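Chemist: Sequence:
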Amino acid sequence: MGSTRYDIDARYSKATREGYRTKSAGEIFTQNGKRKAHESMNPNGISFRESRDSEVHPNSVPIILGLDVTGSMGHIPHELIREGLPKLMGGIIQGGVPDPALLFLGIGDHECDSYPLQVGQFESGDEELDMWLTRTYIESGGGGNAGESYLLAWYFAAFHTRTDAFEKRKQKGLLFTVGDEPCLKTLPASAIREIMGKGQQTYTYTELLEEAKKKYEVYHISVLHSDQAVRADAGWKDILGQNCISIEDHREIPNVIKNIVCNQFKNKTFGTLGNEGMNIQML
Numbered sequence: 022m023g024s025t026r027y028d029i030d031a032r033y034s035k036a037t038r039e040g041y042r043t044k045s046a047g048e049i050f051t052q053n054g055k056r057k058a059h060e061s062m063n064p065n066g067i068s069f070r071e072s073r074d075s076e077v078h079p080n081s082v083p084i085i086l087g088l089d090v091t092g093s094m095g096h097i098p099h100e101l102i103r104e105g106l107p108k109l110m111g112g113i114i115q116g117g118v119p120d121p122a123l124l125f126l127g128i129g130d131h132e133c134d135s136y137p138l139q140v141g142q143f144e145s146g147d148e149e150l151d152m153w154l155t156r157t158y159i160e161s162g163g164g165g166n167a168g169e170s171y172l173l174a175w176y177f178a179a180f181h182t183r184t185d186a187f188e189k190r191k192q193k194g195l196l197f198t199v200g201d202e203p204c205l206k207t208l209p210a211s212a213i214r215e216i217m218g219k220g221q222q223t224y225t226y227t228e229l230l231e232e233a234k235k236k237y238e239v240y241h242i243s244v245l246h247s248d249q250a251v252r253a254d255a256g257w258k259d260i261l262g263q264n265c266i267s268i269e270d271h272r273e274i275p276n277v278i279k280n281i282v283c284n285q286f287k288n289k290t291f292g293t294l295g296n297e298g299m300n301i302q303m304l
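All you need for the working numbering is the position in the sequence shown, starting with 1, plus 21.
No lab work stands behind these hints: they were computed from the structure.
Treat the hints loosely; a few may be bogus.
[Said to hold, decoys possible] As a list, the in silico DSSO-like pairs of lysine-lysine whose alpha-carbon atoms are at most 30 Å apart: (1) K35 to K57; (2) K206 to K235; (3) K191 to K287; (4) K57 to K44; (5) K44 to K108.
Since the structure is predicted, the reported quantities are computational estimates derived from the model, not experimental observations.
Using the sequences provided together with the hints, build the complete structure.
Modeler: If you want it as structure tokens, here you go:
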């Protein structure tokens, strides 16, 4: 995957043609009407999602974006397809990182939701990224169990991705989750089997975080749009320290990610295994 380029002009023309700025989430995210995840995003049976170098992108930079698609966060994918995604990809490329490969994950609640994990592919082109984003089912679930399954993003990144960046160059990718809830503390083997098709080990969130950090710089973008989100943010600061980025306006998400990716690339920290992150100054 990732053998096509991101064409910003073509993407803006498509947005106008498809009516992204005027259509409702239900009109764009058609899986919502079907009330089920797209078959291609069902992780059951997936061995790996791969970010590989190509002639077009010889130095691929893998980026995973795990979007909370529960009730309070379901508007963010809509904002990304309307305006945020071209700002994100265009900003990264114009900021000096020519070969980003972006993978979308849809994150729910493995204790309550029918589809707690949805998985796209690593892509670089505008058409392909739009396709995976709009295939996402915004389940709008979650429950009153004081958390969401952000640790599923860590699990999938650790055990079900392969990247040339890491295997060829020992460069870590970047993994972002976006949400407003605490992270659930345990991922049982039974949940892994149900989601992935097989699984024999139960993991704590700290174990999965450490596994993900072997191949990715791990960040959480905490959206402070409620008192509950502010309380959750304190817990994320304890887990990730300066790699928890707190924002009040969800429209800042593309800018946050772009700044982190470009700053790490500029400072050549991709190749520093064991790097625990860096203090990002927002522009």
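Chemist: Look at each hint and say if it fits the structure.
Modeler: A quick look at each hint next to the structure:
1. K35 to K57: Holds, at about 26 Å.
2. K206 to K235: With Cα atoms ~20 Å apart, K206 and K235 stay inside 30 Å; holds.
3. K191 to K287: Holds, because 17 Å separates the two Cα atoms, which is no more than 30 Å.
4. K57 to K44: With Cα atoms ~20 Å apart, K57 and K44 stay inside 30 Å; holds.
5. K44 to K108: Answer holds: K44 to K108 is near 19 Å, not above 30 Å.
Hint check: no violations occur; every hint is consistent with the structure.
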